[in-house]
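Line by line, the protein sequences are chains A and B.
Every letter in the first sequence is one number past the one before it in numbering that gives the first Met the number 0, and letter 65, counting from 1, is 64.
Every letter in the second sequence is one number past the one before it in numbering that gives the first Met the number 0, and letter 243, counting from 1, is 242.
Straight-line distance between alpha carbons at most 30 Å, and here's what the computed DSSO-like set of lysine-lysine pairs gives:
hint, chain 1, residue 1, chain 2, residue 2
1, A, K98, B, K256
2, B, K256, B, K154
3, A, K5, B, K165
4, B, K260, A, K9
5, A, K7, B, K260
6, A, K7, B, K165
7, B, K260, B, K165
8, A, K45, B, K154
9, B, K256, A, K9
Hint data in this document are derived by calculation from the structure and do not stem from the laboratory.
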Amino acid sequence: MIRPQKPKKKIGLYILIYGSLLLLYIWAFSGVPMDGFKDTAGQISKAIFSGIFSPDWDYVYLPEGEDLLRGLLDTLAIAVLGTFISAILCIPFAFWASKNMNRARFTTGTGKFMLSFIRTFPELVMALLFIKAVGPGSFAGVLALGLHSIGMLGKLFSEEVEVIDPGPSEALAATGANKIQTLRLAVLPQVLPGFISYTLYRFEINLRSASILGIIGAGGIGTPLIFAMQSRDWERVGIILLGIIVMVVLVDMISGFLRKRVV
Amino acid sequence: MSQLAEPLRPTPPRKLKLYFTIFLLALFLFASAYQTNSTFSELLTGLPNMTGLLVDMVPPNWAYINNITPAMLETIRMAVVGTTIGAVFAIPIALFSASNVFQSFWIWYPVRFVLNLVRTIPELLLAAIFVAIFGLGPLPGIFALGIFSVGIIAKLTYEAIESIDKGPLESMTAVGANKLQWIRCAVIPQISAHFITYVLYTFEVNIRAAAILGLVGAGGIGLYYDRTLGFLEYDKVSTIILFTLVVVLIIDYFSGKLREKLL
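Chain B extracted, bound-state conformation (with noise of 0.2 Å):
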């Protein structure tokens, strides 16, 4: 009877690639630990440290907002200005990276080329080179940002400008256009709202950023960091760090609004 009743059941899949995936991620993580030191007990030790310091760090000094508004305002400034600089470059560049702008492969591939090369460098890192550049103080920290937005602000628009609608651009073409009215009429009308949008959202990152550029001596409230850690000053530290999410959160807000208002 049981030499009967044994159906044929299906072979489970097998799991190998799933073990040597998981085989192969261990041996990442093990070597990244071993090369960077890391182990549980230093964690163990360190956090004791940590707790102090946290502790340190209320009740935060509210006296000093006054002492670091004047850079919170620079900081805004320079992101202002910045994502201002990115977004005019960030025009012609998207255009020329459009696919279905310019249809000729030697026109948008190394123009996207350089694109993509501009978007590997950090922001801090353009940052520490202006410094060095033109010296201590927004300035560099303004180029830094312009640089960055210009990378991102152009990305997101000419990934809008290859999927719009083709009719108009037909229709441009049939009316004889040449190519300026043709950028104008057709495909500046479609993305105009959708720029506006990455601005906004260039803008939202760029103000993060300004916020630690003055970590590298460019400018803003990054500054400050430097200034009271040194000196162990904790509670003027996690003012700076409750200052600086404030006005993060703020504009945060404001420009998201206005980023569902516009689409």
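One chain only, chain A, in its complex shape (with noise of 0.2 Å):
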């Protein structure tokens, strides 16, 4: 019997992965510090179980101010106005980068390279030198999101415009339309849906942001989540955490129906 023959394999090239991968986990693992346990971890762990599972409720709200919903409130109002900030700006961006806007290859590159610079500066960092700026609060916290959701928001924009269909376009042109009646006209209602969609998606993700945004004072829930944390009250812990993943999770709905709707 005629077995056909086992496909050859580029042994060298194997060795060579693996090899560098073995040496890379050794590398990484080797520094890992085992020795990090504190002795009281198992008693805080169980804490904070318990105070997850036994949250504060009267912290949902309080009549002098500085409760739950009023800090998911302001999480929220951040993400709305942050996103809501970055999808304007980013809309100039958007064309600049995509390559059927302009022939340039130059004036496309560069475009794609300043999204994926602002994409890699965290909003984190963002944040803090946006404290530096305004003061801390709310404020440093709606600047942060809005300037760094534009790297990613003009990258899925710029490739929602790269694949229009440019009959439209040629047909308004033959009209003798100018360029702003063009984009109106013909690009503008072919692209405004994949736009509001990914807004959705980028108001989500802004979402789980601002709420850990108060841990450096940027506002938000994360203020009062970090001083529950350090002053070891695991209830209350346990109840802002409920907070934060029954409003991502609601939201989340809403806007999942909402990007069904549009698209």
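Relying on the hints, combine the two individually framed chains into one complex.
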């Protein structure tokens, strides 16, 4: 019986890949400090778990302010405003970075580079810098999210612009429409559903980010959370975590529903 | 004459829905701006501070790179170890939450539900909790990244599993394979390339995340933001930012090349 030959493998390449992976792992795992456990680790994790399962319900609403609902509302407001700012600001970037909107490869390249530069710049670091500029509080968080989200939204928007059908634009150009009319009547209707859908998606991400911005003092629910952690008030940590999870799940559901309707 | 020549025109579509949406959006935005105290005047008064800060940041203090290189290596190490742990745990979870591997609703739905809950918690929050449990150092960062990676990798992988070709699955069932053989020979060959791509993608995300985990004391280069910003050493801050950017871009480049090769 003639068996089919087994496909030849490039042994050298495999040895190179697996060897370097092995070295990487030896280096990485050997540097992990395994004696870093505190003696109290067990106790604290038990306290956290019991705190999460018996949350401090009184914290949900306090008449004098600084409660869970107001913190969550603040977080939501930061996410809404930050997302809106970035959705507006990224539109010029999107057209700048898309291949079919400008002929010169150099322009597209610089646009794409700018966007990836903004994307790599962590929002928390941006928030730290804005705190230095406008002082601690929600506004610094809004500005940080607004600027950071341009990176991702601009990239997604520009990809949306790149796949539009050129037909309507050509038809309008043939009837003598100027650039702005072409944009408004041929390009915009094609890209708008995509833009809205991506903006909603980014809003979901920004809501998660906004809930941690407070850890460094940029407003939202993160500030009471980090205070509760530092004072070892695990019941309060529990209710705040629950609040964040419920809010994120609800907003994800609503936003997912809207995104399905739009596209 | 003019009475005769009046043609029947279609009535334009009603714009009530559009106006209502715009009104609602504007309402949301104003409420958010009110809640976060965001005003243009504050932005304008903050801008001079911001430019002053940016001026202080150039030129970067290049000599500082020597001080932060160990922390950068620790960041990479945290990302490598965290991603690996996440990848290992993600495999069974992805299999359990794929509805074509385990047909019973009672298996995949609860697993998927827990997975969704885990994904709502931002990695910095996880890190803050683990810092409270294990104390300062890279260990809590690694755990936080591990759990965070399970969320991403398992979700992407189970979606890939659900879209695999049914043929091999049916033929394995037909020859009487047990569940493990069935998974090994019919599921894994179809998704292994996707799985590795997702792991690489998560690694890219984790490098960025690891670079800020230090802000809550979970190891890595993030610790140095606090240290340098506290002393207003902005030239060092810009060094950290640029160094992180370069490392992230290099890793992204290689990881992206590898991902392109794999698919």
